[in-house]
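Visitor: Each chain, written out:
Number of protein chains: 2
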Amino acid sequence: MTKPIARALAALLATAIATPALSQHDAAALRDAALNDDIAWDITEGLTTEVGPRQAGTEAEARARDWGKARLESLGFRNVRIETCEMPVWTRGEESGSIIAPFPARLALTALGNSGATPAKGIEAEVAYFPTLADLEAAPAGSLTGKIAFVGHAMKRTQDGSSYGYFGRLRRNGPAVAAGKGAVGIVIRSIGTDYHRNPHTGGTVFPAGTKPIPAAALAIPDAENLERIFKRGKPVRMTLLLTPVRAEKGQSGNVVAEVPGSDPGAGIITIGGHLDSWDLATGAIDDASGLGITTAAAKRIMDAGQPRRTIRVVWFGAEEVGGCGGPDYFARRKDERHALTAESDFGADRVWRFAVKLPDAAKPVADRLAIALAPLGIGRNSEPAGGGADIAPLVRAGVPVIDLEQDGTRYFDVHHTPDDTLDKVDLEQLRQNVAAWTAMLAITANAPEELAPVNR
Amino acid sequence: MTKPIARALAALLATAIATPALSQHDAAALRDAALNDDIAWDITEGLTTEVGPRQAGTEAEARARDWGKARLESLGFRNVRIETCEMPVWTRGEESGSIIAPFPARLALTALGNSGATPAKGIEAEVAYFPTLADLEAAPAGSLTGKIAFVGHAMKRTQDGSSYGYFGRLRRNGPAVAAGKGAVGIVIRSIGTDYHRNPHTGGTVFPAGTKPIPAAALAIPDAENLERIFKRGKPVRMTLLLTPVRAEKGQSGNVVAEVPGSDPGAGIITIGGHLDSWDLATGAIDDASGLGITTAAAKRIMDAGQPRRTIRVVWFGAEEVGGCGGPDYFARRKDERHALTAESDFGADRVWRFAVKLPDAAKPVADRLAIALAPLGIGRNSEPAGGGADIAPLVRAGVPVIDLEQDGTRYFDVHHTPDDTLDKVDLEQLRQNVAAWTAMLAITANAPEELAPVNR
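Protein chains in written order, with my numbering: chain W, 810 to 1265; chain L, 810 to 1265.
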């Protein structure tokens, strides 16, 4: 190659790299068109109506994978495949409970994931009341022997959902703490912010060596009624019947689909949400809508012309139960070059803020993103992005991440309850999500800058 | 008696009659003091916490009567007594149902009062969908043989609750219509305006000669999901298990208490609400709050000094099931002189309007009432008052009636569901009710005008 030709080629390459395949103007046009999106709704409506509840490791989740594969193929995605993995499966049995003294009352309750089982006839015991997890933790060793613990909390609504982290510890850790002090069972005030007779399930954790005890969440009206009863100062007794079962070997899995990029060396952008739901509802906001949003955005980018980077959409399995979906994806893919990852798993209400974790060299990408998102009312979070549960292994490995943060004000009214149904999805807010994701993908999938890795 | 003395006496009497024992100014002061009332809340909180659900004819309703007698006595009411009556009692059994084809889904449902029972193993049948009661009524004779009917409706919120009358016909009459066309069961969209997985129960009516069929209400999210499934155009099959039982002889009853008046000839003012609730919840807004409001107002009048007319507070039994409470009161009391009646049975939200049905001679009473209620934001309804179910026999017999109309905008979100719990009662709105009732009693119990009868 002659020097002039080599120089000319180098200049051409430099230009090609420095110029996004899509202009900022193009990204804005794609964003605005997405405000009329129907794809996200169709996926959310279809999955909740035609599959319904799809707990991790059950045949319903397997049906959901088949449904997802067919839908992704019919939308024109490439390399659509199901990748299965194995894990233990906890499933709900009968569940009921009543206050029997001093004032009889049936309780609206539901077992926490990983709860132990009572005998088939249930248990009856005195109830010990703790206003908070800290009070339970302060109880003397052995002081709960033979008793059922009842623990409250004061979780309130927050836009960023941050109160779930703190108060959610009661669900995650409280049962093991009670077990360690001799309790025969525990009921907690549901980790939620509503006032309906629909208890909030969710996983709890019994560390190795701690025998699981029966653990249930009370609907918030029932928890407050029980607190009022305790204020009368009389001994409280209750019955509890929970018959969940645990199978050591079940199957979950991910559904993976791609929009192939033009530059294999530019890395993959992995986005998605989770396919499994809790068993109590059809999982509309947790997380059918996340699948709808991310898939619709990827489809809109695909239809606009081939992006520079491959966009991989993953419908992760077994998120709710901390199961094998996310880890399995990472185990299979960790040696591929990931340029970026992002996850939608906080409902269907509007994106109000975004955060990034990108290498310094990619700062212009974040600046272009800020300009593209501002017309949707989305401001910039000065804290770094953190991702979600499914992509956590990627993020820990140094893959850059962007958070399109959804408004969580009403999320914990519905989260993990029988009320997580399609009517909770607001179409206009869902479309705003699709527009935000479309703009984000338009900019990042076509960015000439190097995106990865960060802090590796 | 000499003529001059007789004339003087007559003039004195006329003055005594024409001057209310309490001035308009006194009524306003009592009204404003009631805005800090705690009595109504204490009754509502106490009954829901210490008794809880109290279905008509059950031992829970009997406990509620005992609780009510003790509470009314401790508040200082006179002539407190329980008056029992007999009636058939329908009680809920097991209840469950699922769509089994084309897309399996468990349904949140509850039996309607007076529903027939399925066999112990339930039934399975094809489902026939009707968007409205009119569509069901138009179905050809025999066309539902062997099928389960599913009927929707389009009830929306109204401030005056009037949509319940029209759309509620589906619950009251729909099951008998379906039975008449050969259906083996019926499920209806709950008569309600919320989006929670809490179905709305309530009584249905099978006329003599119509064998009751199993009849249930679906939670509204489940009804809409089923409608979406029908839109897919495939045959729908479902299972239904309902095992209610009916006993021909049960006991209900009223709790009656009085504030004795100074003028036995002036007639009795009978007010109250109903003590029974549906079994699914603690009946906070239906109707513990109605008992709290009316009892608190009567107590406040009692404490302000003896009124001219006796105020009788009745906690009626068996309202929800159309049982013996209201009729029994009338049967025992119809020969007493009733000057006025009024009932609180539409929740705990603010009074927004009032209506009267009074003799023409008592028009000044209504005018004084309008002046006393206006500062609470209460306007005047030009239509005549109608009363409620418990006092209907009195109203039909020509007893004057006043309606303090509550805002029903959110009432049918909760009505007859597991969600009718204390947290639905807003203290400030409850107090506004007490203030309105206190003003109404201050004026009517002391009015010098003749109040009864109307249109007799």
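None of these hints come from the bench; they were simulated from the model.
The structure presented is a predicted model; accordingly, all values stated were derived computationally and were not measured.
Possibly wrong hints are sitting among the right ones.
No copy is singled out in the list; a pair is fine if it fits within one copy or between any two copies.
Derived PhoX-like pairs: lysine-lysine, alpha-carbon spacing no greater than 25 angstroms straight-line [as the list claims (entries may be wrong)]: (1) 1043 / 878; (2) 956 / 1143; (3) 1172 / 1040; (4) 878 / 1172; (5) 930 / 965; (6) 878 / 1040; (7) 1040 / 1020; (8) 956 / 1172; (9) 956 / 1020; (10) 1143 / 990; (11) 930 / 1020; (12) 1043 / 990; (13) 1172 / 965; (14) 1043 / 1020; (15) 1058 / 956; (16) 930 / 956; (17) 1020 / 1058; (18) 990 / 1040.
Visitor: Each hint needs a verdict: does it hold in this structure or not?
Guide: Hints, one by one, checked against the model:
Taking the closest pair of Cα atoms, residue 1043 and residue 878 come within 25 angstroms of each other only across two copies (22 angstroms); inside a single copy the shortest separation is 57 angstroms, beyond that limit. Taking the shortest Cα distances, residue 956 and residue 1143 never come within 25 angstroms of each other, neither inside one copy (47 angstroms) nor across copies (55 angstroms). Taking CA atoms no more than 25 angstroms apart as the test, residue 1172 paired with residue 1040 passes in neither setting, with 57 angstroms inside one copy and 49 angstroms between copies. In this assembly of identical chains, residue 878 and residue 1172 lie within 25 angstroms of each other by CA distance neither inside one copy nor across copies; the values are 36 angstroms within and 74 angstroms between.
In this assembly of identical chains, the alpha carbons of residue 930 and residue 965 never lie at most 25 angstroms apart, being 36 angstroms within a copy and 44 angstroms across copies at closest. In this assembly of identical chains, the alpha carbons of residue 878 and residue 1040 lie at most 25 angstroms apart only when taken from different copies (23 angstroms versus 54 angstroms within one copy). Taking CA atoms no more than 25 angstroms apart as the test, residue 1040 paired with residue 1020 passes in neither setting, with 32 angstroms inside one copy and 48 angstroms between copies. Taking identical chains as interchangeable, the C-alpha atoms of residue 956 and residue 1172 are never at most 25 angstroms apart, the minima being 57 angstroms within one chain and 64 angstroms between chains.
Proximity of residue 956 and residue 1020 under a CA criterion of 25 angstroms is satisfied intra-copy only: 16 angstroms inside one chain copy versus 49 angstroms between copies. For the homomeric pair residue 1143 and residue 990, neither the shortest alpha-carbon distance inside one copy (42 angstroms) nor that between copies (64 angstroms) is at most 25 angstroms. Proximity of residue 930 to residue 1020 under the C-alpha cut-off of 25 angstroms is restricted to the intra-copy arrangement: shortest distance 20 angstroms within a copy versus 36 angstroms between copies. Only within a single protomer do residue 1043 and residue 990 lie at most 25 angstroms apart by alpha-carbon distance; the minimum there is 23 angstroms, versus 55 angstroms between protomers.
Taking the closest pair of Cα atoms, residue 1172 and residue 965 never come within 25 angstroms of each other, the shortest separation being 35 angstroms inside a single copy and 51 angstroms across copies. In this homomeric assembly, residue 1043 and residue 1020 never come within 25 angstroms of each other (Cα to Cα): the closest approach is 31 angstroms inside a single copy and 47 angstroms across copies. Taking the shortest alpha-carbon separations for residue 1058 and residue 956, neither the intra-copy value of 33 angstroms nor the inter-copy value of 41 angstroms comes in at or below 25 angstroms. For the identical chains of this complex, residue 930 and residue 956 are intra-copy neighbours only, at 17 angstroms inside a copy versus 37 angstroms across copies, given an alpha-carbon limit of 25 angstroms.
Taking the shortest alpha-carbon separations for residue 1020 and residue 1058, only the intra-copy value of 19 angstroms comes in at or below 25 angstroms, while the best inter-copy value is 50 angstroms. In this homomeric assembly, residue 990 and residue 1040 come within 25 angstroms of each other (Cα to Cα) only inside a single copy, at 24 angstroms, whereas the closest approach across copies is 54 angstroms.
Going through the hint list in order, the structure does not satisfy hints 2, 3, 4, 5, 7, 8, 10, 13, 14, 15.
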